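Asks: Please take these sequences and the hints and turn them into a complete structure.
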Amino acid sequence: MAKYLGKRLLQLIPVFFGATLLIYALVFLMPGDPIAALGGDRGLNEEVAARIRAERHLDQPFLIQYLYYIKGIFTLDLGTTLNARPVLEVVANAYPVTVKLALMALAIEAVMGVATGLIAGLRKGGVFDSTFLVVSLVVIAVPTFVMGYVLQFFIGVKLGWLPPTAGTDPGFKSLLMPACALAAVSYAYVLRLTRVSVFETSTADFVRTATAKGLTRHRVVSHHILRNSLIPVVTFLGADLGALMGGAVVTEGVFNIHGVGHALLQAIRQMEPSAVVSLVTVLVMVYMLSNLLVDLLYAALDPRIRYDS
Amino acid sequence: MKISRQTAAIAAAAVGLGLVVTGCGPATKGGGGDKTGPTFQIAYNADGGHRAWVDAVANSISNTLGINASGAPDETFTAFRTAITDRTIKSAFRSGWQADYPRMSNFMLPLYYTGAGSNDGDYSSAEFDSLMDQANAAATDDEANALIRQAQEVLFKDLPAIPLWYQNTVGGWSTKVSNVEFNWKSVPVFEGITKAEGGAITAWGGEPQNPLIPTMTNEVNGGNILDILFAQLVYFDANGEVRNELAESIETEDSQLFTIKIKPNQVFANGEPINAAAFVDAWNYGALASNEHLSASFFEPIEGFSWEEDSDLKGKGLNIIDDLTFTIKLVAPQADFPLFLGYSAFAPLPASAFADIEAFGQNPIGNGPYKMAGPGAWEHDRQATLVPNENYKGDRQAKNEGITFKFYTDLNAAYTDLQANNLDVMHAMPETAFSTWETDLAGRMVNEPSAIFQSFTISQNLDHFKGEEGKLRRAAISMAIDREAITEKIFQGTRSPAQDFTSPVLPGWSGDIAGADVLQYNPEKAKQLWEEANKISQW
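Chains as they are written, first to last, in the working numbering: chain A, 1 to 309; chain B, 1001 to 1539.
In short, the hints are calculated from the structure, not lab data. Hints should not be assumed to be uniformly reliable.
What the hints assert, rightly or not - Derived, one-sided and incomplete: chain A residues facing chain B with beta-carbon distance under 8 Å: (1) V48; (2) G79; (3) L82; (4) R85; (5) N93; (6) V157; (7) T165; (8) H218; (9) S222; (10) V254.
Stated by the list, open to error - Output of the computed footprint for chain B on chain A, the stretches with three or more beta carbons under 8 Å from beta carbons of chain B: (11) 143-155; (12) 263-273.
Please read all numbers here as calculations on a predicted model, not as lab measurements. Even for Gly, the Cβ is constructed at its ideal location relative to N, Cα and C.
Replies: Here's what the structure looks like:
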């Protein structure tokens, strides 16, 4: 187990360098000149522009710039943004609310998806099953931002039940609607995955045996059917945490949440490589780690899977 | 100032000049039907969101005059601008202008005066120049305005550029606030807004791109905050009239040496005195090349300024006479220099600012109608909280309990908040709102011309556009453009058809100048003038 974990963690290192290099290159290749843009309407004097470029190493070739960035990571000094904020602070301020939003969305889709999927799977072909199949189809078809605007307009503006945008330091209530919008599509997938998986498992031999042993229906469902049906669902949920944090970029715009999406958009608009790369790299790491967590969870769900052989 | 790519982008975001709606269809490309002769082209930068309206204008010209006309995109603003500056451009080109200060002369002098910096079409008229000179020297505003009116009549005859429309100020406010007015810069007059239930006014904003230092900020997000955080020698009221704010008097005999007297007993929000040194030190600091302040170019006209070395303006262009008096000496006479003193770049700074300018940029101490609510009142990426400054003694007294700028990246989110009364005032609109905002915000919105003027320039060097033939063709093209239809269809009514070469928000503006009928859509007259020109030389 420890060996497996160590191996997996070591794999993160090349991924980290690959991701940062690639993202850095993309920002580097973005058209336009951030320093010229600084000048605005009146333009910036060339002497001044050259000084600012030199300070930020923007006059250096790509690889040198990238190495400066890597050096910054190891010395924990990622430089400052153009408005004189430490990049580390930007990242540290942006993540908590996005993580909160993504975890809320994950909880919503997991609980709702598994619950409705279980009922639908056990009563396949029934009214409940058919209704939720249609619901999930509609939800999958509607893009997240449309879902966001629709919820926002009806629940936030027209009915006034929840605040239409999150604003500064949002709490549970402010994030509930954005989390629902963000969770919607994934919820539909979790529902469908669970449904199919539960249905297949419930016809398996060991379930029949369990029932024949005289176990209660409740125990059969919770200990035999559900546990064995959850493996594909857990895989999906794990991978989805990363996707949710990435997808939050759109949702954050709609609901004016000042998280990673907001900070990233700002950084891209101002072409600040250090901030863009740092924000995205953390996203990549979250994705990798959540995948690792899923792999470890397999063992807990299915005793047949062992990582030390 | 010329509307650069950045301004255009901001304007596009602010007023929804996006490319989604192209009600007037693409321009007819060359070779179609019975249209003969060369193609009349209008160049524009493709990165500024201009394609739809340029195509519509070209289409209107093409259909009315029966000639080939099209838009000619340059990939970037830089390429477009370079071609104009180097005079290598071989077609008409779009030309936008945003006022530096609210005066009609600020539109006409830089754009059409012989040899002026932004006279990109090389227009030259002795009559126009002399009228503008007289207006400059006029004793009263009325006299000056009458002369400018005559100068505009000359422009209407010569049409060095074809006026198209004014960009509109768009904005709205919640049901919680009243007395919302917008100034000539299309920004709400924040200090005058009242809120019956009390509490701070929440205003639409964005994360400032630079530290909040007056000489360091040249973009609108930071600029909106600085405008109410600082007071300068003069300010422009809501009508665009210039008034003394900190200045007791600004005197000059030759428009080159200015003597400034400051009002006594004025202090910053932290109690430090506002004296001659507060101005001179701040300007000197902002001008030093090694400080890399983005607005250093404002100090370029002052004697002693240099980009190459750290030139001290003190003792050269700026001299302290006594505690409340100092002089400014310019490199060359510049009559409108006092008007620039209303720019936030010319704000004074407290002496404590220079001890740690970086900390100051995060927690600025100003002297305007508002001050930062406390340390860390600028919450990055979230909001900036400003409260009334009790030390401020000027005319712009705050009539509310404070302004909180909430930072948005998505205009739709701001508009939603406005409708839900979660946001009190915004001075921009998402383009998705333009179909419904008049009912959503009945009586709580503004959609009026601003000090931004759009035209396209036909250079005096262009074949077929010189002399008498040129005048006929320019008038024909102007009358061939259906400005009403284009502003309605492409811009959904957020532009107003031009009535002159300046802007209706300026003091002394008049909408009925002789010759302005050339801006009316008149297809018959247009065709007739074009044919007359053809008699001089075939198109």
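Asks: Determine for every hint whether it applies to the structure shown.
Replies: Okay, the hints, checked on the actual structure:
no.	hint	result
1	V48	5 Å, holds
2	G79	14 Å, violated
3	L82	6 Å, holds
4	R85	6 Å, holds
5	N93	7 Å, holds
6	V157	5 Å, holds
7	T165	5 Å, holds
8	H218	45 Å, violated
9	S222	43 Å, violated
10	V254	6 Å, holds
11	143-155	holds (count 3)
12	263-273	holds (count 4)
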